[in-house]
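Q: Throw the hints in and build the complete structure from the sequences for me.
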Amino acid sequence: MTEAGAAGVAAVTAWRALIDHADLEPAEYCLVHGGVDAILDHRLDDYLQFDADVATTGARVVGIGEHSPDPGFSNDGVARSKDVSYQFMSMFNTPDLRVPLRGVAYLMETGALSVEVARTYDLEAAANAQRAVVNDSVLGKLVIEP
Numbered sequence: 155m156t157e158a159g160a161a162g163v164a165a166v167t168a169w170r171a172l173i174d175h176a177d178l179e180p181a182e183y184c185l186v187h188g189g190v191d192a193i194l195d196h197r198l199d200d201y202l203q204f205d206a207d208v209a210t211t212g213a214r215v216v217g218i219g220e221h222s223p224d225p226g227f228s229n230d231g232v233a234r235s236k237d238v239s240y241q242f243m244s245m246f247n248t249p250d251l252r253v254p255l256r257g258v259a260y261l262m263e264t265g266a267l268s269v270e271v272a273r274t275y276d277l278e279a280a281a282n283a284q285r286a287v288v289n290d291s292v293l294g295k296l297v298i299e300p
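Residue numbers for the sequence shown follow the numbering used here, so the first one is 155 and each next one is one higher.
Among these hints, one or two may not hold up.
Stated by the list, open to error - Simulated restraints, written as ranges between beta carbons of each label pair:
hint: 1; residue 1: Asp207; residue 2: Tyr275; range: 18 to 28 Å
hint: 2; residue 1: Val288; residue 2: Ser268; range: 18 to 28 Å
hint: 3; residue 1: Arg234; residue 2: Leu277; range: 50 to 60 Å
hint: 4; residue 1: Gly212; residue 2: Met155; range: 20 to 30 Å
hint: 5; residue 1: Ala266; residue 2: Thr211; range: 26 to 36 Å
hint: 6; residue 1: Val271; residue 2: Val186; range: 12 to 22 Å
hint: 7; residue 1: Asp230; residue 2: Glu157; range: 34 to 44 Å
To be verified - Computed cross-link-like contacts, DMTMM-like style, restricted to lysine to aspartate or glutamate with a CA-CA straight-line distance of at most 25 Å:
hint: 8; residue 1: Lys236; residue 2: Glu299
hint: 9; residue 1: Lys295; residue 2: Asp276
hint: 10; residue 1: Lys236; residue 2: Asp200
hint: 11; residue 1: Lys236; residue 2: Asp276
hint: 12; residue 1: Lys295; residue 2: Glu263
hint: 13; residue 1: Lys236; residue 2: Glu157
hint: 14; residue 1: Lys295; residue 2: Glu157
Hints listed in this document are in silico derivations from the structure and should not be mistaken for laboratory results. Since this is a predicted model, take the numbers as computed values, not measurements. By construction, the Cβ of each residue, glycine as well, lies at the ideal position given by its N, Cα and C atoms.
A: So, in structure tokens, the structure goes:
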């Protein structure tokens with residue numbers, strides 16, 4: 155139950171990007187690079203160019219978030235020569251959250267998907283969980299349990 159509670163928004167966002175937008179099929183490869191300025195700062199770096207540079211011919215790139223992809227390309231010829239397609243999405247315009255949630259639940263039930271839970275907190279310790287998010291480097295999800 156703890157893992158299911160930790161999946162939430164991140165799992166729905168991943169489902170929407172990989173299944174609904176990228177139309178990822180079994181046996182296809184997928185590069186997922188992180189954000190939140192830990193791996194690639196999408197606010198500063200020329201991230202569309204990075205995607206074009208590492209993409210294979212015919213790749214599908216899905217940008218996630220509320221920010222405009224204004225940084226653009228320093229050399230859009232690379233993306234054009236590889237026939238890379240770009241789509242941008244926000245998890246918050248998901249028409250029916252039940253669809254990705256059911257898909258994620260099925261994957262978790264069958265053991266095909268797991269969520270790394272770093273720590274759990276009692277509801278009374280919610281402030282400690284918030285401090286950990288702000289101050290600690292956490293690999294995995296922090297879960298507050300009732």
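Q: Now tell me, hint by hint, if it's right for this structure.
A: Do the hints match the structure? See the list:
no. : hint                        : verdict
1   : Asp207 x Tyr275: 18 to 28 Å : violated (41 Å)
2   : Val288 x Ser268: 18 to 28 Å : holds (26 Å)
3   : Arg234 x Leu277: 50 to 60 Å : holds (53 Å)
4   : Gly212 x Met155: 20 to 30 Å : violated (41 Å)
5   : Ala266 x Thr211: 26 to 36 Å : holds (29 Å)
6   : Val271 x Val186: 12 to 22 Å : holds (19 Å)
7   : Asp230 x Glu157: 34 to 44 Å : holds (41 Å)
8   : Lys236 x Glu299             : violated (47 Å)
9   : Lys295 x Asp276             : holds (14 Å)
10  : Lys236 x Asp200             : holds (18 Å)
11  : Lys236 x Asp276             : violated (50 Å)
12  : Lys295 x Glu263             : holds (19 Å)
13  : Lys236 x Glu157             : violated (39 Å)
14  : Lys295 x Glu157             : holds (9 Å)
Checked against the numbered hints given earlier, the structure breaks hints 1, 4, 8, 11, 13 and satisfies all the rest.
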